[in-house]
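A.B. asks: Below, each chain spelled out in residue letters.
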Amino acid sequence: MQVSLSLFDFITETVSMFASFLVAFMGYKAYKLTSEKRHKYFAVSFSIIGLSFFVLLLTNLVLLFQTNLANLFSAFNRGYFVYSLLITIGYIVLAILSLNLDNKAALFLFLTVIISFILSLDNALLFHLLTTLALLFVVPSFFSNYRSKKTTLSFLVFISFVFMLIAHALLIFINYSNIMYNISNIIQLVGFAILFYVIIRCLLNARKKNKTRNRK
Amino acid sequence: MQERRTKLEIVNDMLRAIQEKGGRIKPTHLLYKSNLSHNRMNSYLDYLKNKELIEENTVKNKKVFQLTDKGFSFLENYKKVREFSDAFGI
Numbered sequence: 009m010q011v012s013l014s015l016f017d018f019i020t021e022t023v024s025m026f027a028s029f030l031v032a033f034m035g036y037k038a039y040k041l042t043s044e045k046r047h048k049y050f051a052v053s054f055s056i057i058g059l060s061f062f063v064l065l066l067t068n069l070v071l072l073f074q075t076n077l078a079n080l081f082s083a084f085n086r087g088y089f090v091y092s093l094l095i096t097i098g099y100i101v102l103a104i105l106s107l108n109l110d111n112k113a114a115l116f117l118f119l120t121v122i123i124s125f126i127l128s129l130d131n132a133l134l135f136h137l138l139t140t141l142a143l144l145f146v147v148p149s150f151f152s153n154y155r156s157k158k159t160t161l162s163f164l165v166f167i168s169f170v171f172m173l174i175a176h177a178l179l180i181f182i183n184y185s186n187i188m189y190n191i192s193n194i195i196q197l198v199g200f201a202i203l204f205y206v207i208i209r210c211l212l213n214a215r216k217k218n219k220t221r222n223r224k
Numbered sequence: 008m009q010e011r012r013t014k015l016e017i018v019n020d021m022l023r024a025i026q027e028k029g030g031r032i033k034p035t036h037l038l039y040k041s042n043l044s045h046n047r048m049n050s051y052l053d054y055l056k057n058k059e060l061i062e063e064n065t066v067k068n069k070k071v072f073q074l075t076d077k078g079f080s081f082l083e084n085y086k087k088v089r090e091f092s093d094a095f096g097i
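Sequences listed follow chains V and C, in order.
Each residue of the first sequence is one higher than the one before, starting from 9 at the first, in the numbering used here.
Each residue of the second sequence is one higher than the one before, starting from 8 at the first, in the numbering used here.
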């Protein structure tokens with residue numbers, strides 16, 4: 009049971025990491041073409057999210073081979089703290105972009121969140137609350153985009169973030185039920201898998217349009 | 008009423024117009040295809056030349072604008088970025 013759970017965690021984290029880095033890469037490509045700051049910050053936010061999953065993957069690998077109990081707890085605490093801090097930063101940057109905040113408001117929000125996180129006595133609960141709150145502001149902006157564009161891909165992006173929101177919201181109640189962790193993991197995996205699919209489709213669609221144009 | 012084009016969309020439209028003419032186009036044809044005023048087209052042409060997306064040549068004593076390798080690459084990447092931007096709304 010423990011091995012299969014670890015394997016599932018590994019799959020979730022790997023898919024989430026690759027999806028995030030792929031989105032970040034596309035955001036960076038967009039920035040290189042347009043020189044628009046919002047593309048840069050979008051790429052930065054997903055790079056940080058991708059990095060957070062990388063840290064979590066590393067932490068779980070270390071835990072797998074760690075035999076000393078004291079070192080085990082220490083490694084887990086440090087790794088999980090870094091993961092949760094990074095992913096919170098990533099989602100907050102995304103929320104700032106979605107809300108179109110000016111520089112001062114964005115900086116105020118950013119610093120408030122980070123300081124609260126670091127000084128909090130219960131990082132885990134604050135982490136789940138903050139990420140859920142950030143995603144509550146991100147999801148409507150993707151819904152608005154879907155409403156204006158009405159494409160399959162924009163709908164899938166909206167749905168993927170709904171899944172991420174549900175996954176993080178469920179973790180708020182993790183102290184009451186361990187099943188919440190497993191369900192949350194599954195939902196998160198689905199969310200990031202959809203995101204991964206969206207990026208692949210973007211690249212394939214662009215290639216198809218190229219071929220059609222060249223035939224003319 | 009059609010939405011105003013962004014700078015990037017205008018650049019893409021101009022480069023695509025040149026691509027569709029076999030990679031080389033006369034100024035008057037470009038003016039017609041780009042749907043811009045003469046002054047605006049000239050300012051965009053300066054931008055495209057500075058970015059090395061097009062180059063100005065003379066063929067049979069007539070001025071033409073030619074797509075560079077960078078220009079072709081821009082068109083390739085624009086489609087990917089456009090799909091991505093539309094999906095994510097950024």
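Bear in mind the hints are in silico, worked out from the structure with no lab data behind them.
Some hints could be false.
Cβ-to-Cβ under 7 Å is the rule here; a few derived chain V residues that face chain C [said to hold, decoys possible]:
(1) Y36
(2) K45
(3) N131
(4) I167
(5) V170
(6) I174
Here are the simulated SDA-like pairs of lysine to any residue, each with C-alpha atoms no more than 25 Å apart in a straight line [stated by the list, open to error]:
(7) V/K112 - C/G96
(8) C/K58 - C/H36
(9) V/K48 - C/K14
(10) V/K37 - V/L109
(11) C/K67 - C/R89
(12) C/K14 - V/S43
(13) C/K28 - C/N68
(14) C/K69 - C/H45
(15) C/K14 - V/L41
(16) C/K56 - V/S152
(17) C/K77 - V/L212
(18) C/K67 - C/K14
(19) C/K40 - C/D53
(20) V/K45 - V/I187
(21) V/K45 - C/K40
(22) C/K86 - V/L212
(23) C/K14 - V/V121
(24) C/K40 - C/E27
(25) V/K40 - V/R209
(26) C/K86 - V/S149
(27) C/K70 - C/R89
(28) V/K40 - C/K67
(29) V/K45 - V/F29
(30) V/K158 - C/H36
(31) V/K45 - C/E27
(32) V/K48 - V/V121
(33) C/K70 - C/R11
(34) V/K37 - V/V121
(35) V/K157 - V/L41
(36) V/K157 - C/K86
(37) C/K67 - C/D93
(38) C/K33 - C/K58
(39) V/K40 - V/N111
(40) C/K40 - V/F29
Here the structure is a predicted model, which means the values were calculated and not measured.
Built from N, CA and C at the ideal position, the CB exists for glycine as well.
A.B. asks: Hint by hint, say whether it matches the structure.
C.D. replies: Consistency of the hints with the structure:
1. Y36: violated (10 Å)
2. K45: violated (11 Å)
3. N131: Status violated, d = 30 Å.
4. I167: violated (12 Å)
5. V170: Result: violated, 15 Å to nearest chain C Cβ.
6. I174: Cβ of V/I174 sits 20 Å from chain C, so the hint is violated.
7. V/K112 - C/G96: holds (24 Å)
8. C/K58 - C/H36: Status holds; Cα separation ~21 Å.
9. V/K48 - C/K14: OK: V/K48 and C/K14 at ~18 Å, within 25 Å.
10. V/K37 - V/L109: Between V/K37 and V/L109 the Cα gap is close to 23 Å, so the pair holds against 25 Å.
11. C/K67 - C/R89: Violated, at about 37 Å.
12. C/K14 - V/S43: Given that 25 Å is the threshold and the Cα spacing comes to 11 Å, the pair holds.
13. C/K28 - C/N68: holds (19 Å)
14. C/K69 - C/H45: Cα-Cα ~18 Å, so holds.
15. C/K14 - V/L41: Given that 25 Å is the threshold and the Cα spacing comes to 11 Å, the pair holds.
16. C/K56 - V/S152: violated (37 Å)
17. C/K77 - V/L212: holds (22 Å)
18. C/K67 - C/K14: violated (32 Å)
19. C/K40 - C/D53: Status holds; Cα separation ~17 Å.
20. V/K45 - V/I187: Violated, at about 41 Å.
21. V/K45 - C/K40: violated (30 Å)
22. C/K86 - V/L212: Status holds; Cα separation ~10 Å.
23. C/K14 - V/V121: Violated, because 36 Å separates the two Cα atoms, which is more than 25 Å.
24. C/K40 - C/E27: Given that 25 Å is the threshold and the Cα spacing comes to 10 Å, the pair holds.
25. V/K40 - V/R209: Since the Cα atoms of V/K40 and V/R209 sit roughly 21 Å apart, the hinted pair holds (cutoff 25 Å).
26. C/K86 - V/S149: holds (23 Å)
27. C/K70 - C/R89: violated (32 Å)
28. V/K40 - C/K67: Roughly 37 Å between the alpha carbons, so the hint for V/K40 and C/K67 is violated.
29. V/K45 - V/F29: holds (18 Å)
30. V/K158 - C/H36: violated (34 Å)
31. V/K45 - C/E27: Roughly 31 Å separates the two Cα atoms, so the pair is violated.
32. V/K48 - V/V121: Answer holds: V/K48 to V/V121 is near 21 Å, not above 25 Å.
33. C/K70 - C/R11: violated (29 Å)
34. V/K37 - V/V121: Roughly 29 Å between the alpha carbons, so the hint for V/K37 and V/V121 is violated.
35. V/K157 - V/L41: At roughly 22 Å apart (the allowed maximum being 25 Å), V/L41 and V/K157 satisfy the hint.
36. V/K157 - C/K86: holds (16 Å)
37. C/K67 - C/D93: violated (43 Å)
38. C/K33 - C/K58: Measuring from Cα to Cα gives roughly 19 Å; hence the hint holds.
39. V/K40 - V/N111: With a Cα-Cα distance of about 22 Å, the restraint between V/K40 and V/N111 holds, given a limit of 25 Å.
40. C/K40 - V/F29: It is violated: about 38 Å lies between the C-alpha atoms, which goes past 25 Å.
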